[in-house]
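Participant: Respectively, the protein sequence lines represent chains A and B.
Under our numbering, the first residue of the first sequence carries the number 1, and numbering increases by one thereafter.
Under our numbering, the first residue of the second sequence carries the number 1, and numbering increases by one thereafter.
If you are wondering where the hints come from, they were derived from the structure by calculation, not from laboratory data.
Since the structure is predicted, the reported quantities are computational estimates derived from the model, not experimental observations.
There could be a bad hint or two in this list.
If you want a taste of the chain A side facing chain B, the calculated C-beta under 10 angstroms gives, among others [what the hints assert, rightly or not]: (1) A35; (2) A66; (3) R84; (4) L87; (5) M94; (6) Q102; (7) P108; (8) R121; (9) G150; (10) L239; (11) A241; (12) A242; (13) N243; (14) E246; (15) L249; (16) A250.
Backbone N, C-alpha and C fix where the C-beta goes; we use that ideal spot for every residue, glycine too.
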Amino acid sequence: MDVASHEDAAETQDAGRPDPLLRVAGLTKRYGDQAALADISFDVQAGEVLGLIGPNGAGKTTLLEAVAGVLPADAGAIVSRGDRLPLARRREVMFYLPDGIQPYRDQPVARVLTFFAGVYRRSSGDVAGAVASLGLAPVLGKRVQSLSKGYNRRLLLALGLIAPHPLLLMDEPFDGFDLRQSRAIGGVLRQAAAKGRALVLAIHQLMDAQRVCDRFILLADGRVRGVGTLADLRARTGLPAANLEEVFLALT
Amino acid sequence: MHSPEMPSFYAPLRPLLAKEIREVLGGRALWIMLLLLCPLVGYSFFQAVSLYGEASTAALQSPVLARSLSPLDGVLVPSFGAFYVAVTLLFPFVAIRVLGHEKESGALRLLVQLPYRSATLIAAKLAAVLAAWLLASLPVLSALAIWRALGGHMAAAETLNLLLGHLLYGALVGAIALFAAAVSESAATAAIVALAFTIGSWVLDFTVAGQPGVFAWISQMSLTQTLHVFEQGMFSVGLVLGIAVAIAGFAALAAIWLPPGVAPRTKLVRSFGCMAAATILFAAVSRIGLAADVTEDRRNSFSAADQRALAALAKPLMVTVHLAPEDPRYVDLGRNVLAKLGRALPDLSVRLAGARTLAAGSGDDRYGEIEYAYGGRRDVSRSTSPREILPLIYGLADVPVPTPAGADEYPGYPLAGDGYAALPWFFGGLPLAIGFAWWRTRRPPRIDPELIKQNKEDAHEDQ
């Protein structure tokens, strides 16, 4: 299916509904003969937290990177508010926070934050808000390379909060946090969503996902195995009291 | 905090430039290169000044000997020679880090999402590379200052021209390194690619320079050949523009290969387009013959009287050379006569009619002859000296041989002495200053109180 037909199909499917903040239509990524992503389609509405759920190797990171435009896709369309987003325009709508990176290792945390604030013309108050909500104050003078995994993750989340994009894509935002910290970070993310931002979170810890996300995309072997709220997925599996873990096992 | 909104595509450049400069200063590569440059430049400068001093001792007794003493050849070029070696071998590592570090840490995936075009990102990185080059040139610039302090002479035009040549060479090495970093997955691979260009130039110099035909064309691709023109005191507009095109071309290729989200096939197609555009521009600028001899001793020109007389020859001069290109006489003729004639005469054509190789020419009776044709008259000479050839040309044109004015003569600048006074600076003071500057860059920054104000307020509320 080509890009235009993917867009047409998506438009027909949702005729009459407001255009979603993000529409992914028929996204496909191959490595040789192996399909890392096979015809992935989903929507993201403003203000919602969408969980991308799947085991390691399911294609979560590949999907986020292909949507963000930091990995070339073989087919598919990315549409925002009805406008197709070519590669160069993705950064106008979304900001992607990869997993396992240490941005600007030789620089102190404060400089990394003020660099992003400078680029996006954010005020000191915006940076201070991100610092306060993510508890970064004790490490502002430390170099990024000396941060623990948890603080490095907080720094990345702070960059996401400073970035002004209406859509944030985050790969494993809870990795490196204990239970209390995960809950606190989940609260910060929910606050961001309450202000109208949409979040797409790739999460492999299903408890974290169930606590934070409004809707879920269940991904396995590069294919979508289910999309919807927990209630939708329970209805589909016929397991009315199931938690996300049980639903996921039933559908994949 | 803020409500979501679409970010403006045009972001301020200042934070990006500041970040790139901090990044290049934050790495160890630049500082290690600076520390290595201290003894390298220091010893070269010491040797050059000492040898120049020895030659000057004899020249002080003889004005004729003094005329051959030029600080450009005796001190400046040898001192910059050590800098050139460091830029060729070490500077690629500094420049690769500017991009390679972000690739290896994963920060590139954040960088390409910022609201800057790839070309802007690469331009900012190239600016940081130039800032690093400027910092790395401090040892050699300090050598110039010491030379002046010792009472040495420096002609502004030839010194600035030499600096320009090294700046362009540094920018070219930097652009090649950025391109190498953009196309390579790791810094190690990028280093191999970049050194293939820089050390490959040396290989070209040793193997094909002076060879005829296509080898002559290939040898012109050597990066070091471009620097030689500046070292000889020539300012060539075509060469400067040619290097600028090469820098822009490598930077454009780096910008093409920077975004990880673009398919390799698309990058290849764009690269071919970029190379085609660069080739066309090269061809255009290579036709620009505008050049100036900026040396104080006018070594690349005839005397002012000859220059004026030759400039007045309105008809075309045709020179037919019966020599093989690798024949040393042809090299002499080119350097001493033809190149200078090309810049002085309004219309000069040179035809190489000799054998293609030195061995093939041995059986040709006319081999070694140089035929001059002007205004329907012809003459032949075997000399490669302007003292014989210029009167021959004036004879063909039927104009009197101009009388050189005494004021034209270069006096020479002997300076008896040695460079021992510079050694404590290069082996002590400068390395200590560099170490101190390094330490300053590693100090934790002052935290803006605004950033932690909200934190303190929250803490108070909790209490």
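Participant: Does each hint hold? Answer for all of them.
Facilitator: Verification of the hints:
no.	hint	result
1	A35	violated (16 angstroms)
2	A66	holds (8 angstroms)
3	R84	violated (15 angstroms)
4	L87	holds (5 angstroms)
5	M94	holds (8 angstroms)
6	Q102	holds (5 angstroms)
7	P108	holds (5 angstroms)
8	R121	holds (7 angstroms)
9	G150	violated (17 angstroms)
10	L239	violated (36 angstroms)
11	A241	violated (36 angstroms)
12	A242	violated (33 angstroms)
13	N243	violated (31 angstroms)
14	E246	violated (34 angstroms)
15	L249	violated (32 angstroms)
16	A250	violated (34 angstroms)
Comparing the model with each earlier hint shows violations of hints 1, 3, 9, 10, 11, 12, 13, 14, 15, 16; every other hint is respected.
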